[in-house]
Amino acid sequence: MVAALLRLRFRVLANTLGRNTIQLVAVILGGISTFSLLLFVLLIFARVSIEPPEAIQVTVVVGGSVVLLGWLVVPLMFDGVDRTLDPAKLSRYPVRTSQLMLAMFFVGVLWVPGIATVLAGLGTGIAWMSHPLSAALAVVTGLVGVATCVVGSKVTTTAAGTLLRGRGAARLGLAALVVVVVAVPIAAALLRDVPAGGSAFFARITAVIEALGFSPFGAVWSIPGRVALGDVSGALVASGIALVTLAVLVILWRVALAVSMQSRGEGPARASRGGRLGPLGLLPSTPTGAIAARSLIYWFRDSRLTRQLILIPVLPALMLMWWLLFDIDALAFLAGPVVATLLPLSVFAGLSYDGTAFAAEVAAGVRGLHDRVGRAIALLVIAGPATAIVQVAVAVIIGRVGDLPALLALALGTLLVSVGVVSVSSARIVVPVARSGRNPFSAQPGAATVSVVGSYVVTGATGVLAAPVSALAVVALVSGIPAVGWAALAVALVLGSAVTLGGVIVGGRVLDASGPAVLARLRLIRA
Amino acid sequence: MGNAIELRGLTKRFGGTAAVDELSLVVPQGSFFGLVGPNGAGKTTTLSMATGLLRPDAGVALIDGIDVWRRPLEAKRLIGNLADGVDLYDRLTGEQLITFSGQLFGLDRATLKERVADLLRLLDLEASAGRMVADFSAGMTKKIALAAALVHSPRVLVLDEPFESVDPVSAANIRDILDGFVKSGGTVVVSSHSMDLVQRMCDHVAIMAAGRVLVAGTVDEVRGSGDLETRFLDLVGGRRTGESPAWLLRS
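Sequence lines, in order, name chains A and B.
Every position in the first sequence, counted from 1, becomes a number in the working numbering once 3 is added.
Every position in the second sequence, counted from 1, becomes a number in the working numbering once 12 is added.
To be clear, the hints were calculated from the coordinates, so they are not data collected in a lab.
Warning: the hint list may mix true and false statements.
Rough simulated footprint, nothing fancy, chain B against chain A, three-plus residues with beta-carbon under 8 Å [claimed, not checked]:
| # | stretch |
| --- | --- |
| 1 | 295-309 |
| 2 | 364-371 |
Covered by chain A, per the in silico footprint, the following chain B stretches (three or more residues, Cβ under 8 Å) [unchecked claim]:
| # | stretch |
| --- | --- |
| 3 | 98-108 |
| 4 | 244-253 |
Some but not every residue of chain B turned toward chain A, in silico, with C-beta under 8 Å [claimed, not checked]:
| # | residue |
| --- | --- |
| 5 | Leu-85 |
| 6 | Arg-89 |
| 7 | Leu-90 |
| 8 | Gly-151 |
| 9 | Thr-153 |
The C-beta atom is built at its ideal place from N, Cα and C for all residues, glycine as well.
Start from the sequences and build out the full structure, keeping to the hints where you can.
As structure tokens, this is what we get:
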């Protein structure tokens, strides 16, 4: 049965890629960059193998923990998880949950990121070349580590998908999750006040790595090193932690799958009379107003967009945590610009999220300019306050309120420029995304590469266009002259508004010319 | 009387194969026009090109004499379009979706409020007006899409499979609405698989297969002495004779 499911998955994959050349190219490019990265990692392992065991241990544990964390978090940020073996599609066939889980596990392993991680996991053996016992152990712990990665990513995507698809109560769970993530840096802030003697910086780093080795992220990778260092009891404890972690993840995955199967199907046919138009009743009754209102509603009701809103508190929290660890102010005050880039970036191919529903606009003969202005307004209504609040909060926390004009210039300038750039890119670029209502973390193969390449181009364009603002802001921050800060803010608002306006006009022209063609492509992707 | 829709030499190729092949068709003003054909005949592709959703490789589409692809903004105001195979903005509630569609055509708030209430009542959707369209059944989704197509009071209605998955009561209600629309001088084009329905409901019909119109005219002209289904099967062919395989026969 598992073999049949795997054959099915690769048949579907081959057919999809055979039909869509761009996707095939994306997969190949993604594969090349992934395996270049793998080669780089293996070279590091080979290089470090001649160092003392302590150094090898740090490399392997930190590297392994980062990879595991990546498997848990990255699929939540980019489209990249394959859901060919969606339990919903298979429910009419006699497939056991355990068989399905096994098949989904191998699907996770037998694709570019999975294969690369397996090779990197086995590669930890190279790092321990000069310690034969540890090298042999590393092959085993490497495979256990990869299994933890794959199962962990299944848990986070299944759980988050179920939460986002659900309404009402499930949202509370998500909110709780966000609060926890935000609370972690605050806890770290409290820890920071614990006096550290001598070289505080290195003491802190060493403590972090020591803790990592016994955490669920690092335990499995630390076992060969503990053996090499003669720490047998530590190796046993770490093994226990690693196995318990994997077991707990498998159980969580099973539970999440069961919950996701129950929460599907038709909801209760709850009668609900109208009378609540929301933003559609507030904004002007024009095409632009309608499109802005609909976009606003979608930012909160479409889980594929809502997941981007989660990043607003999470990313600044993470950057503040790094700031606490490394004490570099730049890490903190980039939080605003990062939010200002990422929110527009999530709709750099925004028409993909409309899907064929975009036909409503084409059928009504909406002018491209009206469409672009409407979407830009919705984006600014959400991202504007979010960016400003994040940046002010950061300035207060790191104690640089005096530099607020320059910090706001950096954030708001980036935001306005990104909105302009995205207004052009999304009029033309369409990528395969999960359809509305499906698990928002499901995707077509190669979509991740298209999103990543597209993101680079859009971010690059934003960086170039925002360069004058950034330069002035940096001068203001370094020199500390208030007048330069205010000048930066003025330039940010004027230049940014000009780029937004220009982007909206150009994007509108592009959309006027390409509207039906974009719709045809959306139909092709849907089919 | 002029022509509500006139298609001349419409052609669309996907890859090497022509989905619609130099198709010409005239829909007279004030007619209730049925477009029938087997699966894959090119009905949806034809209607998409006629309503400005899909750019033809060649040919002309006129709505009330206005070229859809040269003056799209004017032509599209005249069309009420229920397209098949496209999604709706289904994260909106039913009421929001109709309002959104009306606003895309620039209707003011007071007019829109009245029309939305009328449409929800006519299509028996009042009780679900505040529910998200994603939670609607297939039939309700069709009805809300129809409401969105009607809200700007178009002159020509182009409805691709409007009765698919709609329950008999709602179907009868929709027929009443369409009949009233035609009596008041509007034009309706429906595509359908149901010969029975087309024969009872429409006054004109065109049968198409493999991207071409095989025959078109009034229903009485097309069906001749027999019924529409017999004529259709004669023209299109493809009937299979003989029994089902033995393993499928229970007794």
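Verification of the hints:
1. 295-309: holds (count 6)
2. 364-371: The restraint on the stretch 364-371 of chain A holds, since 7 of its residues have a Cβ under 8 Å from chain B and three suffice.
3. 98-108: It holds, with 11 qualifying residues against the three required.
4. 244-253: violated (count 0)
5. Leu-85: holds (4 Å)
6. Arg-89: holds (7 Å)
7. Leu-90: violated (10 Å)
8. Gly-151: It is violated, given that the least Cβ distance between Gly-151(B) and chain A is near 13 Å, above 8 Å.
9. Thr-153: violated (12 Å)
This entry does not satisfy hints 4, 7, 8, 9, going by the numbered hints stated previously.
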